[in-house]
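Protein chains: 2
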Amino acid sequence: MNIAILGTGMVGQTIGTALIQKGHYVKLGSRTSTNEKAIAWKNTNGSNASNGTFADAAAFAELIFICLNGNGTVHALQSAGVQNFNNKVVIDLTNPLDFSNGMPPSLLPQYCNTWSLGEEVQKQLPTAHVVKALNTVTAKLMVDANKVNDGNHNLFICGNDIEAKNKVKHLLAENFNWKPEHILDLGDIKYARMTEAIVPFWVAVMQAEKTPMFNYMIVT
Amino acid sequence: MNIAILGTGMVGQTIGTALIQKGHYVKLGSRTSTNEKAIAWKNTNGSNASNGTFADAAAFAELIFICLNGNGTVHALQSAGVQNFNNKVVIDLTNPLDFSNGMPPSLLPQYCNTWSLGEEVQKQLPTAHVVKALNTVTAKLMVDANKVNDGNHNLFICGNDIEAKNKVKHLLAENFNWKPEHILDLGDIKYARMTEAIVPFWVAVMQAEKTPMFNYMIVT
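Chains as they are written, first to last, in the working numbering: chain A, 1 to 220; chain B, 1 to 220.
Just so you know, these hints were derived from the structure itself, not from any lab. Mixed in with the good hints, there may be bad ones.
Straight-line Cα separation of at most 25 Å, SDA-like style, residue types lysine to any residue; simulated pairs [to be verified]:
| no. | chain 1 | residue 1 | chain 2 | residue 2 |
| --- | --- | --- | --- | --- |
| 1 | B | 140 | A | 36 |
| 2 | A | 88 | A | 31 |
| 3 | B | 190 | A | 169 |
| 4 | B | 169 | A | 207 |
| 5 | B | 123 | B | 83 |
| 6 | A | 123 | A | 179 |
| 7 | A | 190 | B | 210 |
| 8 | A | 140 | B | 83 |
| 9 | A | 210 | B | 160 |
| 10 | B | 179 | A | 207 |
| 11 | A | 167 | A | 37 |
| 12 | B | 190 | A | 98 |
| 13 | A | 190 | B | 207 |
| 14 | A | 123 | B | 183 |
| 15 | B | 167 | A | 82 |
| 16 | A | 210 | B | 140 |
| 17 | A | 140 | A | 36 |
| 18 | A | 210 | B | 183 |
| 19 | B | 140 | B | 83 |
| 20 | B | 179 | A | 218 |
| 21 | A | 190 | B | 211 |
| 22 | B | 169 | A | 209 |
| 23 | A | 123 | B | 17 |
| 24 | A | 210 | B | 170 |
| 25 | B | 140 | B | 213 |
| 26 | B | 179 | A | 176 |
| 27 | A | 190 | B | 184 |
| 28 | B | 190 | A | 179 |
| 29 | A | 140 | A | 40 |
| 30 | B | 179 | A | 126 |
| 31 | B | 210 | A | 151 |
| 32 | A | 169 | B | 214 |
| 33 | A | 179 | B | 36 |
| 34 | B | 210 | A | 114 |
| 35 | A | 190 | A | 71 |
| 36 | B | 169 | A | 208 |
| 37 | A | 169 | B | 170 |
Because the structure is a prediction, the values reported are computed rather than measured.
Bound conformation, chain A alone (with noise of 0.2 Å):
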């Protein structure tokens, strides 16, 4: 598959890689096509991976993860073209962090509480499906579930479209070991509020744990 990431940092990097191990065609988007970090992840994955601009990368795709800093996103998708972005599936990974008050972190005061980033990535693409999922684990354990607990633990997603949901699912199980059992619909991208109001929690609890290498298993 094509497949476009926006963001050249550690999860984007992080994301890309998995993806291109599985054989997919991964094509690397930030602010300009000559980001030194984004050609060293091209010359180190291969001949399925390559680089561009944020508009390059949508375009170039089928299925998109945008993987930006909370604070820039809004821009980069701007700049990206909302036409390169029609009727595909996005799964929105970004969360609107705050660490200008040192840690723990806050929420960007305006996707917050009563608004998320998710809904705002669904507002500026509004002819995107977009799935929010995967921002709730650390990257190495994004890309492959069994990291932690054999797979035993649980993720969470939201969006407005059950066939865009159903496809994400796919994509995580085939490709980063996520059991679709352990993957948790909550309904629509205003749910984004919720999985994103965890991240600060999930920071503290990293502090508290010493490893970022955990996540939750729901019991009951």
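Using the hints provided, position chain B relative to the given structure of chain A.
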């Protein structure tokens, strides 16, 4: 032990009854000493149960549970008299939930993201040792952790005083079957921001799981 419960709702009554059954003396506090729910609770819980005003209850107790509605918490504490909390351990179970826009709830904006009800309670009661605890699970599970997964799941607490947190851990283990190794201390009372912020998420999971009898187990 002489224990006060501030609040006569389902949480307060459930905690109060469980403590009576463990042999404690429990006074249920409410706005007036003639509160019908408090009197009905007293009449069904034997001679160790009593009721009174918020001030009566706080003055009576060596340990105080705050089980109030988020909206009314500050006013209730002010009417209880700050001097009645001097050097006492106060377990804060409150959640600043705002249901005014329907389900799922948001948080009351004044106790959201960069402030919390836990911090506000500590501010209102500066000479008390406030420990935020139990606010992340349903009432029946609060008082018997074994009701879910043989007690194997996590409780998240925070507060400024380590000795008070140890007393609360001990109390939860002795009375409510919480395994000490599953009680995770996140840090000072500021972390109430995190444990309150996951409650709207809890509601979303409850909707998806179709039961409130669940909790999270951290797996690594």
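Taking 25 Å as the top limit, are the C-alpha atoms of residue 190 of chain B and residue 98 of chain A close enough? holds (16 Å)
Hey, residue 123 of chain A versus residue 183 of chain B, does the alpha-carbon distance stay inside 25 Å? Violated - the C-alpha atoms of residue 183 of chain B and residue 123 of chain A are around 40 Å apart, more than 25 Å.
25 Å limit on alpha-carbon distance, applied to hinted pair residue 169 of chain A and residue 214 of chain B: holds (23 Å)
Run the distance test for residue 210 of chain B versus residue 151 of chain A: straight-line Cα separation, threshold 25 Å. Holds. Residue 210 of chain B to residue 151 of chain A sits at ~23 Å (cutoff 25 Å).
Against the 25 Å threshold, does the CA-CA distance of residue 123 of chain B and residue 83 of chain B hold or violate the hint? The hint holds at about 13 Å.
For a C-alpha distance cap of 25 Å, please report whether residue 123 of chain A and residue 17 of chain B respect it. Roughly 49 Å separates the two Cα atoms, so the pair is violated.
Between the alpha carbons of residue 140 of chain B and residue 213 of chain B, is the straight-line distance 25 Å or under? holds (8 Å)
Under the criterion that the straight-line Cα-Cα distance not exceed 25 Å, is the pair residue 210 of chain A, residue 160 of chain B satisfied? Given pair residue 210 of chain A, residue 160 of chain B holds - Cα atoms ~20 Å apart, limit 25 Å.
Taking only the CA atoms, is the gap from residue 190 of chain B to residue 169 of chain A under or equal to 25 Å? violated (36 Å)
If you draw a straight line from the CA of residue 169 of chain B to the CA of residue 207 of chain A, is it 25 Å or shorter? Given that 25 Å is the threshold and the Cα spacing comes to 20 Å, the pair holds.
What's the verdict on residue 190 of chain A and residue 184 of chain B, does the C-alpha distance respect the 25 Å limit or exceed it? Roughly 29 Å between the alpha carbons, so the hint for residue 190 of chain A and residue 184 of chain B is violated.
When you check the alpha-carbon spacing of residue 140 of chain B and residue 83 of chain B, does it fall within 25 Å? Judged against 25 Å, a Cα distance of about 32 Å means the pair is violated.
Violated hints for the displayed structure, listed by number in ascending order: 1, 3, 6, 8, 11, 14, 15, 16, 19, 23, 26, 27, 28, 30, 33 and 37.
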